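Number of protein chains: 2
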Amino acid sequence: MTAGPAEDTRTRLLQTALRLFTEHGVEGTSLQMIADALGITKAAVYYHFKTKAEITEAVAEPGVRDLDELVLRAAAQKRRGAQVDLLLEGFIDLVIRHRALVALFSSDPGLIRAIEKSAHGGMEGFGQALLAILAGPDPDATARVNAMVTLTGIAMAGGSPDLAGLSDDELRTELLDVGRRLLGRPRRRTSAPVAVGRNG
Amino acid sequence: MTAGPAEDTRTRLLQTALRLFTEHGVEGTSLQMIADALGITKAAVYYHFKTKAEITEAVAEPGVRDLDELVLRAAAQKRRGAQVDLLLEGFIDLVIRHRALVALFSSDPGLIRAIEKSAHGGMEGFGQALLAILAGPDPDATARVNAMVTLTGIAMAGGSPDLAGLSDDELRTELLDVGRRLLGRPRRRTSAPVAVGRNG
Numbered sequence: 001m002t003a004g005p006a007e008d009t010r011t012r013l014l015q016t017a018l019r020l021f022t023e024h025g026v027e028g029t030s031l032q033m034i035a036d037a038l039g040i041t042k043a044a045v046y047y048h049f050k051t052k053a054e055i056t057e058a059v060a061e062p063g064v065r066d067l068d069e070l071v072l073r074a075a076a077q078k079r080r081g082a083q084v085d086l087l088l089e090g091f092i093d094l095v096i097r098h099r100a101l102v103a104l105f106s107s108d109p110g111l112i113r114a115i116e117k118s119a120h121g122g123m124e125g126f127g128q129a130l131l132a133i134l135a136g137p138d139p140d141a142t143a144r145v146n147a148m149v150t151l152t153g154i155a156m157a158g159g160s161p162d163l164a165g166l167s168d169d170e171l172r173t174e175l176l177d178v179g180r181r182l183l184g185r186p187r188r189r190t191s192a193p194v195a196v197g198r199n200g
Numbered sequence: 001m002t003a004g005p006a007e008d009t010r011t012r013l014l015q016t017a018l019r020l021f022t023e024h025g026v027e028g029t030s031l032q033m034i035a036d037a038l039g040i041t042k043a044a045v046y047y048h049f050k051t052k053a054e055i056t057e058a059v060a061e062p063g064v065r066d067l068d069e070l071v072l073r074a075a076a077q078k079r080r081g082a083q084v085d086l087l088l089e090g091f092i093d094l095v096i097r098h099r100a101l102v103a104l105f106s107s108d109p110g111l112i113r114a115i116e117k118s119a120h121g122g123m124e125g126f127g128q129a130l131l132a133i134l135a136g137p138d139p140d141a142t143a144r145v146n147a148m149v150t151l152t153g154i155a156m157a158g159g160s161p162d163l164a165g166l167s168d169d170e171l172r173t174e175l176l177d178v179g180r181r182l183l184g185r186p187r188r189r190t191s192a193p194v195a196v197g198r199n200g
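Protein chains in written order, with the UniProt record's numbering: chain A, 1 to 200; chain B, 1 to 200.
In short, the hints are calculated from the structure, not lab data.
Incorrect hints may have been included.
Listed next, the stretches of chain B that the computed footprint assigns to chain A, with coverage defined by at least 3 CB atoms under 8 Å from CB atoms of chain A [claimed, not checked]:
#1 30-43
#2 153-165
#3 177-183
What you are looking at is a predicted structure, and each value in this text was computed from that prediction instead of being measured.
Where a beta carbon is used, it is the ideal one built from N, C-alpha and C, also for glycine.
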């Protein structure tokens with residue numbers, strides 16, 4: 001395998017790292033394993049990243065950035081219904097766009113620990129911000145449990161190997177339906193052009 | 001701290017191990033740390049367990065046994081509605097009875113790896129059995145996603161530090177309501193003696 005331009009190597013390095021993290025866990029993956037899988041030297045890995053922690057952060061970075069933007073966009077909505085709809089749909093899109101990363105997140109605390117140390121107060125800060133928007137102001141037990149089950153259930157289902165056979169579109173439709181039901185939002189038909197039923 | 005009878009020491013050892021696993025993860029906890037926290041020697045730990053893997057299995061054993069019994073009881077029901085009801089209510093009771101263990105399960109793959117190696121085909125076998133009952137025979141994408149979101153959402157919410165302030169009864173009521181809604185089961189009022197509303 002010949003090395004392309006530096007930017008290509010970086011991209012391939014992060015893709016390879018995500019695959020190895022998925023197979024062996026973050027803590028079970030070494031810089032040497034990443035170098036070997038790419039057919040490059042460990043020195044070539046060091047050219048891009050000094051530590052595994054830097055690689056881990058870079059692997060998670062696109063998902064973290066999308067989540068950050070989503071929370072800001074949702075919080076900027078005036079009406080509460082619009083906040084919930086935007087957050088729910090955006091979260092499902094994000095889970096589907098980053099399925100491999102989400103699967104890793106839900107199974108590997110090594111990744112979560114790496115993110116905890118990064119900017120934005122870590123994943124706990126994000127989780128709190130997402131829950132606060134979904135549960136609404138002064139949430140009672142019902143609102144808190146519904147918000148928690150919605151977020152964790154969607155993330156776990158999105159990353160589950162048991163549902164890996166579903167296409168992105170199928171998964172999106174099903175998760176939206178479940179999420180809207182859990183949060184008491186009126187039903188939407190995203191796959192059909194005409195609204196045929198509403199409940200809620 | 002004086003050592004009580006062997007059985008008491010074993011019980012205290014498992015309680016202490018669960019607490020340390022929760023704080024440091026299974027992989028971040030050593031036999032020495034467990035001995036130190038109990039104020040006993042490492043030799044006294046060895047009297048009960050030869051390896052950390054044995055301790056991990058013993059910590060998870062009550063939850064695994066309850067889950068095993070639950071799957072058998074649910075599968076023995078004749079009607080599908082009774083299977084789903086028994087499994088959902090039993091699963092929620094189990095999650096609440098073992099809140100600390102469930103929290104550890106959902107955050108630590110070290111525990112899951114330990115169980116994978118134990119009897120019953122490991123947690124994956126259990127997960128498949130639970131999903132198969134909840135999703136029903138020949139499940140479509142909707143049934144599979146609903147079953148997955150129900151199981152993972154309930155387990156994650158049950159173990160979540162964000163909901164640790166809810167009492168067992170509050171959590172049970174809320175999780176049952178969410179689960180029955182997700183699975184399309186008629187609503188039940190477990191906390192009130194008279195059924196005041198039904199939907200679903």
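Under a C-beta cut-off of less than 8 Å, do 3 or more residues of the segment 177-183 of chain B approach chain A closely enough to confirm the stated coverage?
holds (count 4)
Whether chain A covers the segment 153-165 of chain B (at least 3 residues having a Cβ closer than 8 Å to its Cβ atoms):
holds (count 7)
Outcome, coverage of the segment 30-43 of chain B by chain A - at least 3 residues whose beta-carbon is closer than 8 Å to one in that chain
violated (count 0)
Violation of the numbered hints given earlier is confined to hint 1; every other hint is satisfied by the structure.
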